[in-house]
Every structure is written in structure tokens, then in C-alpha cells.
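Novice: Chains F and S are the protein sequences, given in the same order. Going by numbering that gives the first Met the number 0, the letters in the first sequence line up with residues 0 to 297, in that order. Going by numbering that gives the first Met the number 0, the letters in the second sequence line up with residues 0 to 313, in that order.
Certain hints may be false.
[Stated by the list, open to error] Here are the in silico distance ranges between beta carbons for each label pair:
{"#": "1", "chain 1": "F", "residue 1": "LEU35", "chain 2": "S", "residue 2": "PRO114", "range": "22 to 30 Å"}
{"#": "2", "chain 1": "S", "residue 1": "VAL243", "chain 2": "F", "residue 2": "SER193", "range": "36 to 44 Å"}
{"#": "3", "chain 1": "F", "residue 1": "VAL44", "chain 2": "S", "residue 2": "SER125", "range": "31 to 39 Å"}
{"#": "4", "chain 1": "S", "residue 1": "VAL243", "chain 2": "F", "residue 2": "ASN127", "range": "21 to 29 Å"}
Simulated from the structure, these hints should not be mistaken for laboratory data. Glycine is no exception: its CB is placed at the ideal position from the N, C-alpha and C atoms.
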Amino acid sequence: MTTTTPEDTAGADAPIKREPRLAWLWQLLRNPLGALGLFLVLLIVISALGADVFSPYDYKALDVKNRLAGPSWAHLLGTDNLGRDTFSRILHGGQVALYVALVSIGVSLVLGLALGMLAGYGPRWLDNILLLCFDSVRAFPVIMFALAVITVVGPSLETIIGVVIMTTTPGYARIARNATLSLKNNEFILAERSLGARGKRIMISHLLPNLIAPLLILCSMDIPVVITIEAGLSFLGLGVKPPTPSWGSILYDGYSFIRNTPWIVIAGGIPLIITTLGFTFLGESLRDVFDPKMKKDR
Amino acid sequence: MLLYTLKRLGLAILIVCVAMLLLLSAIHLVPGDPAGIALGPRATPEMRAEFKALMGLDQPFFIQYFKFLGNVVTGDLGVDVWSKRPVTQMIADQLPHTVALTIVGLGWSMMIGIPLGCFSAVHRNSFLDRFTAVISVGCIAIPSFIVGLYALLLFAVELGWFPAIGAGEPGDLGDQAMHLVLPGLAVGLGWVGYLARFVRTSMLEVMGENHIRMARAYGIPTRRITYIYALKLAILPTVALLGVGVGSLISGAVFAEIIFARPGIGKMVVDAVNTRNYPIVMGGVLVTTMLFALSTLISDLIAAWLDPRVRQGF
Numbered sequence: 000m001t002t003t004t005p006e007d008t009a010g011a012d013a014p015i016k017r018e019p020r021l022a023w024l025w026q027l028l029r030n031p032l033g034a035l036g037l038f039l040v041l042l043i044v045i046s047a048l049g050a051d052v053f054s055p056y057d058y059k060a061l062d063v064k065n066r067l068a069g070p071s072w073a074h075l076l077g078t079d080n081l082g083r084d085t086f087s088r089i090l091h092g093g094q095v096a097l098y099v100a101l102v103s104i105g106v107s108l109v110l111g112l113a114l115g116m117l118a119g120y121g122p123r124w125l126d127n128i129l130l131l132c133f134d135s136v137r138a139f140p141v142i143m144f145a146l147a148v149i150t151v152v153g154p155s156l157e158t159i160i161g162v163v164i165m166t167t168t169p170g171y172a173r174i175a176r177n178a179t180l181s182l183k184n185n186e187f188i189l190a191e192r193s194l195g196a197r198g199k200r201i202m203i204s205h206l207l208p209n210l211i212a213p214l215l216i217l218c219s220m221d222i223p224v225v226i227t228i229e230a231g232l233s234f235l236g237l238g239v240k241p242p243t244p245s246w247g248s249i250l251y252d253g254y255s256f257i258r259n260t261p262w263i264v265i266a267g268g269i270p271l272i273i274t275t276l277g278f279t280f281l282g283e284s285l286r287d288v289f290d291p292k293m294k295k296d297r
Numbered sequence: 000m001l002l003y004t005l006k007r008l009g010l011a012i013l014i015v016c017v018a019m020l021l022l023l024s025a026i027h028l029v030p031g032d033p034a035g036i037a038l039g040p041r042a043t044p045e046m047r048a049e050f051k052a053l054m055g056l057d058q059p060f061f062i063q064y065f066k067f068l069g070n071v072v073t074g075d076l077g078v079d080v081w082s083k084r085p086v087t088q089m090i091a092d093q094l095p096h097t098v099a100l101t102i103v104g105l106g107w108s109m110m111i112g113i114p115l116g117c118f119s120a121v122h123r124n125s126f127l128d129r130f131t132a133v134i135s136v137g138c139i140a141i142p143s144f145i146v147g148l149y150a151l152l153l154f155a156v157e158l159g160w161f162p163a164i165g166a167g168e169p170g171d172l173g174d175q176a177m178h179l180v181l182p183g184l185a186v187g188l189g190w191v192g193y194l195a196r197f198v199r200t201s202m203l204e205v206m207g208e209n210h211i212r213m214a215r216a217y218g219i220p221t222r223r224i225t226y227i228y229a230l231k232l233a234i235l236p237t238v239a240l241l242g243v244g245v246g247s248l249i250s251g252a253v254f255a256e257i258i259f260a261r262p263g264i265g266k267m268v269v270d271a272v273n274t275r276n277y278p279i280v281m282g283g284v285l286v287t288t289m290l291f292a293l294s295t296l297i298s299d300l301i302a303a304w305l306d307p308r309v310r311q312g313f
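Bound-form chain F, shown alone:
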């Protein structure tokens, strides 16, 4: 991803024109894909936040008499093998998915920024060591790495978050490092250094604001990836522990009964499709808005 410094975009003597603060939102909504993405993301976020209000049943409540019931007005998406209402479980599963995604991506972003700036701004040997570590972590197929860690630690929500942090941080760090390298010899940094600013000040108040925009876009594109990892591990039975509902564990429950009661699998897959498509469309459109260079060959 390329980064634009303020110097590149505003010509040397062109008058500075400030765009209205929400211009980007308007630009995003004009793109049908961006609008769709935003709509889907809002749908998922609102349904997850309001899960307790919207769900017609307690997601833990067993109703063995009505087990494996088909979709009906009483149970919109039917019930699972223990008679739990699938719709309520899906709403609460959204909370788990978003929680994992936000916590792990937030931590990876901070860690990645810190390590990346350190590698880019620090001495050469540190850069080399950190780069080797980043590349080595990315040499694992993600699921395999997760499986190895789970073998030792045991499956839990915290394990998943930890694994995701370990595997996504190098991606952010690499981008932060490359951007730091290309920024650190710019005039405004040199000027700051000649004024006597220390490395810490330069990194935090001068490099950081220039690095954050491309990384935030990457974050929105990584959210579906993280949600997929969580759901995938839960589908393998190695994710969140019951009775906590996760979209993956709903699929796992449904998979055992796929021949006779396919709607559990169908219902469990839909929120995942909505979420991944929503965040990906949103991320792509945001990138087009903030980083027009990427769009040139469209």
C-alpha cells in the first residue's frame, strides 16, 4: 500500500483547500458497494449490540421437546439439537465475533505500529532481526499455528485472541516499518531532528499521524479475516466453549445433522457471509476514498 505524505498531495504553492469534514462519508455512500458494505456492517453491529433486546428466547434455554424444529414463526431459524433457538444464538454469536475481532485487531495495531516504527527508525541490526521474525511468523499457515498453540494451552476465547494477535501483528508491523523508512528522511523529520527532537518525540508526534491512515484501512479489511479464524476454530470444536454461542459452533452443531436438518448449517453460514462481505466491501471502498492511487487501473 502506498502512503501519501501531506507534501505530495498539496502542491508547493497551491492554496490549501479544506474539504468538509464528512466529505469522505459522502464519497463512500455514492459508491453503491460502499453503501452496501456500510449497511451490512451496521446491520451486524446493531444486531450484535442489541442481541439481548432482539432475541426472542434465552440463547441458553433448552427446549428438548422442540429439538431440531424447522423454521417457523415461533422459531425464525428453527432450533438445534438441544432445542435452543438458532436465531437468538446467532444474534449473540455476533457479540463474540465482534469482540474477538475488535480486541485482537486493536492490540495488533498498537503492537504492529510500535514494532514497525522501531524497526524502521531504529538501528539496522534491529530492523534485520525484527524483519526476520515478522517473515517467520508469516511462514505459518494460520490455522496450523493456531492448532499448535491450542494443543498446549487448550481451547478458549483468550487463546484465539492471542493467536490472532501473534499472526496479524507482523502484517501491520511490516507496513508501518516500510512507511517509516520512506518518511524518516523527509524534510519535516530532518527539520524536527535538527531542532533537537528525540527519537521518541519524532516517532509519536510526527511519524505516527502519517502511518495511521493506511493501517486503519487494513484493519477494516482484517476484521472479516479474524472473524473467519474465530468461526473456523469454533467450527473445529477448538474455539469458544459451550454454552457461549459462536457462529462457528452453530455450524459445528449443525454439521452433525446436515442430512436431515440442513437449516442449522444454512442459518449459521448467513451471518458469516453478511459480515465478511460487509467489512470487505466497506474496506475496499474506504481504500478507494482515502487512497485514490490504488484506484487508477479500475
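The hints should help you fit chain S onto chain F, whose structure is shown.
Specialist: Quick look at chain S alone, frame taken from chain F:
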């Protein structure tokens, strides 16, 4: 080129070694007692100590690491904790299934992705081009296990076109091929999107070059120019890209093997995680990481062979 190959090979080996060091230290650092988890809460301290000794977890960290590396070089990955079979043998039995599945997945993604990319490059900026762009993004976004589950449901359970589970009769190639169709689709569909996008960009670049304009000036039919002259050139950089995708294909293969109950490394490792069979998990992770590193290496070498500038920059 030889120098580049050697350097690149050295880097690949170094990365695999550091990757295993990171994995072992991550396992070492996190709080948790593998023996306790494996044997359950009622295990006596003696049983735990015996289990740890069996898995080599009672020794100091660096001894463990170098012992592990040394054993890897001699092809010894330890024994299955429960059945005492050598892990190397188990992996050798399962690996062909996973490799076949990955190749079929790649085949699917090339079969759909390349024509799709070509098509949208030819109909650039039309409604159909935008439509294929949305399809590509959709393919990238949707998790492979959802594709697998829905494909299983639709084509195997409801329509009955393809077999649902297993790898087919040993020796019966046709049957085995039928069993690979759906899992391969689940593994490969994600890459359809990447390929379509990449081929499209690369095609647009090639279509603007002089020799293509020359061919046009000669009056050669557009169809021939597009699919014979331009595609041949546009596909080469794509081949170099494919190696990078093998990592996600392997992750996809894990799910496909579980969903379609196929034998393979992924199924072996997941089963081993459930029984805390530490040597099998480590062996499986090592082999897939090496597979990934190898395919990245090959694709880098192809890229360097095609474009000498890559070699000089290293």
C-alpha cells in the same frame, strides 16, 4: 541466477528454523501445562512427569529446540503418544491426500479465475466488468468452510451429484477424482477472486504494449490476440503469485478435510489436537510450514527467472 537461488534457499531454511523457534517459545511462554491438559485433572505427578519425558518437554528450552532441529534433519519427528507409530510414517501416509487436494483447489481457482480476469480486462469498465469485480471480492471474502458446507449440502446431500465423504476407493482413480471435486472447490474458490483481479491488471498492462498494437495493425482477429498473444504473457507473473497462496490453500484444506471427512494432514492434526498428541501436531505444523516455504521459494525463483530485476534487488 545460481547465486540468487542459493541465497533464497538459505533464507527459506532460516525462516523455517526461526518460525519453529518462535512456535516453540510461544508454546513455552504461555502459561499452561500440556501434560496436565492431556492427562486430565486426576493424573498423578508421576504420570505427568512420565508424559513430559515422553514428549521431551522436561528438558531446558534450547536443548529441546536443537534436539527438535536435529531430529528433523534426520527425518525423525518422534512417535505418536498413544499408538507409538512414527510420526514421519503417518505424515508420509497423509501428505499425498493433502497435496492432491491443494492442487485440485489451485486447478479450480485457475479454471475460473483466469477466464474471469481475462473477460473483465476485455470488457474493461463495462457493467460486466464491475459485476465480475464484485464477484471476485465476494470469493475472497467468504470463508472456505462456508463454501465447503454449502457445497456439501447442495451438490452432495440435496442433488447427489458428487459423493459426500471420504477419499474414494484406493486404486480407483475415477472415484477418487469425483471425491476431490467438491473439497477442491471449497479450497480453491477464495483464490478465484485474487487470480481474477491479478490477471485483469496484468492483461490490461500487456494489452497496451507495442507488439499487441502491432498485431492489431496486422488485422489479426481480436479474439486471437486476446486469448493467444496477450494471455500467454499476462499469465506468467500470475504463476509466480500462486506460491504465496499456498498458505491459505493449506488452511482451507484443513477445513475441507474435516467437512468432507477426507484423510490428510489437516484431519490428522485436528484429531491430534483433540487427543493432545503433541508430536503429531508439531510434525504436521512443521511439514505444512515447509510446504508453504517451498512453494513461496519456487514462486520467487520463477519470478526471478522471468524478471532479472528481482534478482538484483535481493
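Novice: Would you mind marking each hint as holding or not holding in the structure?
Specialist: Here is what the structure says about each hint:
1. LEU35(F) / PRO114(S): 22 to 30 Å: Since the Cβ atoms of LEU35(F) and PRO114(S) sit about 26 Å apart, the hinted range of 22 to 30 Å holds.
2. VAL243(S) / SER193(F): 36 to 44 Å: Given about 42 Å between the Cβ atoms, the range holds.
3. VAL44(F) / SER125(S): 31 to 39 Å: holds (34 Å)
4. VAL243(S) / ASN127(F): 21 to 29 Å: holds (22 Å)
In terms of the numbered hints stated before, the structure departs from none.
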